[in-house]
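Protein chains in written order, with our numbering: chain P, 236 to 353; chain U, 125 to 236.
In case anyone wonders, no lab produced these hints; they're calculated from the structure. You may find that some hints are simply not true.
Which residues of chain P face chain U? A partial, calculated answer using Cβ under 8 Å [unchecked claim]: (1) 281; (2) 345; (3) 347; (4) 351.
Backbone N, C-alpha and C define an ideal beta-carbon position, used for all residues, glycine too.
The residues making up each chain are set out below.
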Amino acid sequence: GAVVSQHPSWVICKSGTSVKIECRSLDFQATTMFWYRQFPKQSLMLMATSNEGSKATYEQGVEKDKFLINHASLTLSTLTVTSAHPEDSSFYICSARTDPTGGYSPLHFGNGTRLTVT
Amino acid sequence: DAKTTQPNSMESNEEEPVHLPCNHSTISGTDYIHWYRQLPSQGPEYVIHGLTSNVNNRMASLAIAEDRKSSTLILHRATLRDAAVYYCILSGSGGSNYKLTFGKGTLLTVNP
């Protein structure tokens with residue numbers, strides 16, 4: 236089955252530093268990837284849609300200059316949290332959809348990255 | 125996206141069937157019904173999806189009401205590994221930019 240790999244699985248950084256999270260589709264190509272954030276005991280919140288070779292589309296209220304997304308290839312999207320602060324501490328999850336030959340294909344999710352900003 | 129309503133939590137016993145309900149009275153004619161689940165500290169996992177007809181796969185069954193305003197995810201024999209938050213989501217099917225908006229879901233507890 237389709238596998239989405241995220242790295243790192245957890246990271247601790249100091250306030251003011253930047254952190255990069257990688258999301259890879261291991262056995263399929265993904266022109267579109269989605270980035271979600273999840274705070275403790277809450278549901279997933281879609282942050283942005285990452286499109287290969289073009290700019291990401293951010294959801295309302297998500298700062299594009301703070302959460303930099305790069306989708307340079309069909310198998311890799313990166314999310315960089317710039318100048319991280321403690322309130323950015325969260326569980327970040329990426330997902331991708333196998334490009335269907337026709338009809339439906341489900342989203343495949345990575346196992347998430349737990350970010351803690353001290 | 126059309127909204128869905130699910131119970132906050134449900135409880136089941138191991139090896140018994142579980143019926144997880146979802147109401148989606150404002151569903152549009154082109155909306156698919158998706159079910160995903162999330163185990164603790166993991167990303168969500170696809171379970172099943174449907175449009176109008178009932179669906180079966182190796183994980184579960186999806187029963188869709190005739191008017192499509194509700195659906196039920198059926199786990200035929202719950203195991204401890206099925207303890208998770210289950211999300212019922214509506215979305216279109218196609219287009220490279222289709223996206224899923226997650227609600228609060230149903231926390232399923234499975235008792236041994």
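How the hints compare with the structure:
no.: 1; hint: 281; in the structure: 6 Å, holds
no.: 2; hint: 345; in the structure: 5 Å, holds
no.: 3; hint: 347; in the structure: 5 Å, holds
no.: 4; hint: 351; in the structure: 14 Å, violated
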